[in-house]
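**Student:** Chain by chain, the residues run as shown.
There are 2 protein chains.
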Amino acid sequence: MQKGKASIEFESPPVILSDASIAGKKEGEGPLGACIDVVEQDDMLGMENWEQAESAMQKKAADLALEKGGIRRREVRYLFAGDLLGQLIATSFGTVDLEIPMFGLYGACSTMGEALALAAMTVHAGYADRTMAIASSHFATAEKQFRFPLAYGNQRPQSATWTVTGCGAAVVGKADKAGDMKNTPRITGVTPGRIVDLGAQDSMNMGAAMAPAAVHTIRQNFEDFGVDETYYDRIITGDLGEIGRKILLDMMKQDGHDLTDIHMDCGIEIYNNEQQDTHAGGSGCGCSAVTLCAYILPRLRSGEWRRVLFLPTGALLSTVSFNEGKSIPGIAHGVVIENG
Amino acid sequence: MQKGKASIEFESPPVILSDASIAGKKEGEGPLGACIDVVEQDDMLGMENWEQAESAMQKKAADLALEKGGIRRREVRYLFAGDLLGQLIATSFGTVDLEIPMFGLYGACSTMGEALALAAMTVHAGYADRTMAIASSHFATAEKQFRFPLAYGNQRPQSATWTVTGCGAAVVGKADKAGDMKNTPRITGVTPGRIVDLGAQDSMNMGAAMAPAAVHTIRQNFEDFGVDETYYDRIITGDLGEIGRKILLDMMKQDGHDLTDIHMDCGIEIYNNEQQDTHAGGSGCGCSAVTLCAYILPRLRSGEWRRVLFLPTGALLSTVSFNEGKSIPGIAHGVVIENG
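Chains C and W, in that order, are what the protein sequence lines are.
Residue numbering for the first sequence follows this note's numbering, beginning at 1 and increasing consecutively.
Residue numbering for the second sequence follows this note's numbering, beginning at 1 and increasing consecutively.
The set of hints was computed from the structure by calculation and includes no laboratory data.
Do not take every clue at face value.
[To be verified] For lysine-lysine, the following DSSO-like pairs were computed, each having C-alpha atoms within a straight-line distance of at most 30 Å:
{"no.": "1", "chain 1": "C", "residue 1": "Lys-144", "chain 2": "W", "residue 2": "Lys-144"}
{"no.": "2", "chain 1": "C", "residue 1": "Lys-182", "chain 2": "C", "residue 2": "Lys-3"}
{"no.": "3", "chain 1": "W", "residue 1": "Lys-182", "chain 2": "C", "residue 2": "Lys-59"}
{"no.": "4", "chain 1": "W", "residue 1": "Lys-68", "chain 2": "C", "residue 2": "Lys-5"}
{"no.": "5", "chain 1": "W", "residue 1": "Lys-246", "chain 2": "W", "residue 2": "Lys-5"}
{"no.": "6", "chain 1": "C", "residue 1": "Lys-60", "chain 2": "C", "residue 2": "Lys-182"}
{"no.": "7", "chain 1": "C", "residue 1": "Lys-3", "chain 2": "W", "residue 2": "Lys-59"}
{"no.": "8", "chain 1": "C", "residue 1": "Lys-174", "chain 2": "W", "residue 2": "Lys-3"}
{"no.": "9", "chain 1": "W", "residue 1": "Lys-3", "chain 2": "C", "residue 2": "Lys-59"}
{"no.": "10", "chain 1": "C", "residue 1": "Lys-68", "chain 2": "W", "residue 2": "Lys-3"}
{"no.": "11", "chain 1": "W", "residue 1": "Lys-59", "chain 2": "W", "residue 2": "Lys-144"}
{"no.": "12", "chain 1": "C", "residue 1": "Lys-3", "chain 2": "W", "residue 2": "Lys-3"}
{"no.": "13", "chain 1": "W", "residue 1": "Lys-5", "chain 2": "C", "residue 2": "Lys-60"}
{"no.": "14", "chain 1": "C", "residue 1": "Lys-3", "chain 2": "W", "residue 2": "Lys-246"}
{"no.": "15", "chain 1": "W", "residue 1": "Lys-68", "chain 2": "W", "residue 2": "Lys-5"}
{"no.": "16", "chain 1": "W", "residue 1": "Lys-174", "chain 2": "C", "residue 2": "Lys-3"}
{"no.": "17", "chain 1": "C", "residue 1": "Lys-174", "chain 2": "W", "residue 2": "Lys-174"}
{"no.": "18", "chain 1": "W", "residue 1": "Lys-5", "chain 2": "C", "residue 2": "Lys-5"}
{"no.": "19", "chain 1": "W", "residue 1": "Lys-59", "chain 2": "W", "residue 2": "Lys-246"}
{"no.": "20", "chain 1": "C", "residue 1": "Lys-5", "chain 2": "C", "residue 2": "Lys-246"}
{"no.": "21", "chain 1": "W", "residue 1": "Lys-144", "chain 2": "W", "residue 2": "Lys-5"}
{"no.": "22", "chain 1": "W", "residue 1": "Lys-3", "chain 2": "W", "residue 2": "Lys-182"}
{"no.": "23", "chain 1": "C", "residue 1": "Lys-5", "chain 2": "W", "residue 2": "Lys-26"}
{"no.": "24", "chain 1": "C", "residue 1": "Lys-68", "chain 2": "W", "residue 2": "Lys-182"}
{"no.": "25", "chain 1": "C", "residue 1": "Lys-174", "chain 2": "C", "residue 2": "Lys-68"}
{"no.": "26", "chain 1": "W", "residue 1": "Lys-60", "chain 2": "C", "residue 2": "Lys-5"}
{"no.": "27", "chain 1": "C", "residue 1": "Lys-59", "chain 2": "C", "residue 2": "Lys-25"}
{"no.": "28", "chain 1": "C", "residue 1": "Lys-174", "chain 2": "W", "residue 2": "Lys-5"}
Just chain C, same shape as in the assembly (with noise of 0.2 Å):
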C-alpha cells in the first residue's frame, strides 16, 4: 500500500488488459512506425480541423483497445484521460461519445503516467474492475496552442522537439485469478512525481526543464521501493530528448547510479532524427502514451522485459507563463509495469 515518502505498492496488482495506439504519417515513418496499430495516412483524419482531428484519434484509439481486448465500452467504469490542449478540449470532445464517467487531467506531457496510475489505484482499490487510461498530442494543434502558425515556417534549435501526432489507450482492469495472466504486464506500483523548477526558461529545450523531475522521481522511486537500477530491465522516460537525456544521466551519475545502459527515451525512440529532422526528439503526451502501446507494453508480453519504470515526464509551460517571462518546472509521474 503506502511505500515510503510518496509510493504505492500494489499488493494485487492491477494488469493491462489491452491497449491501442494510433499515429500519424510521420509516426508511421518512424523506428516504431511497424508497431503502431494504426498509422493515419491524413493527419486531417478526414476531420474539419485540427482539434476535431486529435479528438477523432482519441475515439479511434479507445474504441480499438476496447476491441482487441474483447471489452464492451460499459464494462469500463471510469476514463483517466488528457491532452496538451488548453481546457484539455480535445479530450472533452475524443471522449464524449463513449459515454463513461471522466476524470480530465493535465499532467502536460506527463499525463500517460499519472492517468495510468490513477487508473492502476483506482482498480486496486476495488473501486472498478475496469478503467482506461488515455492521452493524445497532434503536432499542429501543439504548435497552434505554443508556438508559430505552420505555414510561418520557423526554424527551430538543435535542442526542440517535435510534438508526436497520436494516442494510447490502455484498458487498467483487475487480474483475473481464473484466466491466464501470465503474459500480462501488471501495473506493481507507482511512485507519483511532485513539480520541479530549477529556473529552466527556454521553451525550445525542454529536455533541460523536465530532466530535474524525472531525476526526483526516479530517486524518490529508488528510495521508497528499496531498488536501484539493478532492479528495471529498463528506465523509460516520456520525452526528454537528446539533451534532456544527457542532464538525466549525469544526475543520476552524481547519486552514483549509471542508468546509460537502461535508460531509454519514448522521444528519442520514436523518430529517427538523422532521417526526419525532428532535432532532440519526439514530445507531447502522445509520445510516451504512443511508445508504451506500441513498443513497451509488447516487450513486457514477450518476456524481452521483466521489470520497467516508465516515466513519462511534463513542462507545465503555458503561452502565457513563458510570455510572462516564468521559468519551465517539470514534472514526472513514475509507473512500475512487470510482466507475468
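Guided by the hints, dock chain W onto chain C, whose structure is given.
**Tutor:** Relative to chain C, chain W alone:
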C-alpha cells in the same frame, strides 16, 4: 465500494480535516463575505500579473488549511489540484512550493468535485493518510483567457456569469478513530460524472450547457445509492446560475423529483446580483470551492445540515472550440458529504 453503475461508497468515510477559503474584494462584499477566511482587498495580491495573483491564492489557501488543521506540509501525501487556465498554469506555480506529489486536474468549474472525489478515493484506499484538494479561479485571468480584455468594457448578457476570484483548499484524511470526529464532515460516497453534450453553443449562457450534466449525475447518484431528494438536506450545484437552476429544476421535475426547496447553487449564493450586477451568478472553479469551505462545511459541522450532495459543474469549452463553432459539453462530479 462499487455502488450501482457509476458510484463509489466509502465504508470508512474519509473526513475533511481542515479547509480554507481565500477570495477577492467583490466576493468579500457578497452574501458569503463574512464566512470567507481571507478577503483580499487587492485582487493582484501584490503580484506582477493576474496569473501570479491566482497562484498566490492557491498557496495561501493551502497553507491556511494546513495551519487551521495543525497539519504540516509533509503530512500531506498527495495533492489534487486545478484551475481554469490553459495548461493549469495557476496551479503549477501555485503548488510548486508545497513540494507535495501532485495530480493536475482539469474539469472546468467542476474541478473541486473531481479533486475531492480523487482525494477521498485515495485516502479510503489507504494510499495516503492525508491528501489535499485545491481549486481556484480569478475573474481577471478568466476574462483574459476566455473573453475580452478587461479595459474593453464589453456588455454582458443577463445569462452570463461572473468568474469568482477565489480559492478553496480542503485537507481530506483518514478518520481518527481515537479522536472526536463528531463534528467533522465525512465524504461517504462519490458519483463521478460523464461528459454530457446536448448541443448548447452560447458561451454567455453556460448554465444551460451544464444543467443537463448536473441532472445526469443527480439521477445516477439517486439510482446508484437508492435514494432521492428526501435523503439530502441540500443538493448543491457549482455554478448553474439562475438560468441553469431553472433548467435543472424543470428537468428533475419531469423525472418526478421536486428539488425546489433543497437545491442550492454556489453561483447564486456567492453574489447579490441586484447589488453587485453579476447577472446570472458566479462561476469558475473557485466558486464552488470557496462556497464549500466558507459556507457548506460550516453548516455540516454545526449540524444545521446532515447530508449534502455537493455537485460542482463544468462547461467544457475553450476559445478554440468556441471559434470552431463547437458545442459546449458539460460535466458534474457528485460528492456526498455528511456530518459527524
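**Student:** Verify the proposed pairing of W/Lys-246 with W/Lys-5, using a straight-line Cα cut of 30 Å.
**Tutor:** holds (27 Å)
**Student:** Does the alpha-carbon distance linking W/Lys-59 and W/Lys-144 stay inside the 30 Å limit?
**Tutor:** holds (22 Å)
**Student:** Straight-line Cα separation of W/Lys-182 and C/Lys-59 no greater than 30 Å?
**Tutor:** Cα-Cα ~46 Å, so violated.
**Student:** Taking 30 Å as the top limit, are the C-alpha atoms of C/Lys-174 and W/Lys-5 close enough?
**Tutor:** holds (17 Å)
**Student:** Can you confirm whether the C-alpha distance between W/Lys-5 and C/Lys-5 stays at or below 30 Å?
**Tutor:** This hinted pair is violated, its Cα atoms lying about 35 Å apart.
**Student:** Hinted pair, alpha-carbon criterion (30 Å max): W/Lys-60, C/Lys-5. Please report holds or violated.
**Tutor:** holds (24 Å)
**Student:** Taking only the CA atoms, is the gap from C/Lys-3 to W/Lys-246 under or equal to 30 Å?
**Tutor:** violated (49 Å)
**Student:** Holds or violated: are the alpha carbons of W/Lys-68 and C/Lys-5 at most 30 Å from each other?
**Tutor:** holds (24 Å)
**Student:** With a cut-off of 30 Å on the C-alpha distance, tell me whether C/Lys-174 and C/Lys-68 pass.
**Tutor:** Within the cut-off at roughly 17 Å; holds.
**Student:** Between C/Lys-59 and C/Lys-25, is the straight-line Cα distance small enough, at 30 Å or below?
**Tutor:** holds (18 Å)
**Student:** Has the given pair, W/Lys-68 with W/Lys-5, been kept, meaning a C-alpha gap of at most 30 Å?
**Tutor:** violated (37 Å)
**Student:** When you check the alpha-carbon spacing of C/Lys-182 and C/Lys-3, does it fall within 30 Å?
**Tutor:** holds (25 Å)
Checked against the numbered hints given earlier, the structure breaks hints 3, 14, 15, 18, 19, 21, 23 and 24 and satisfies all the rest.
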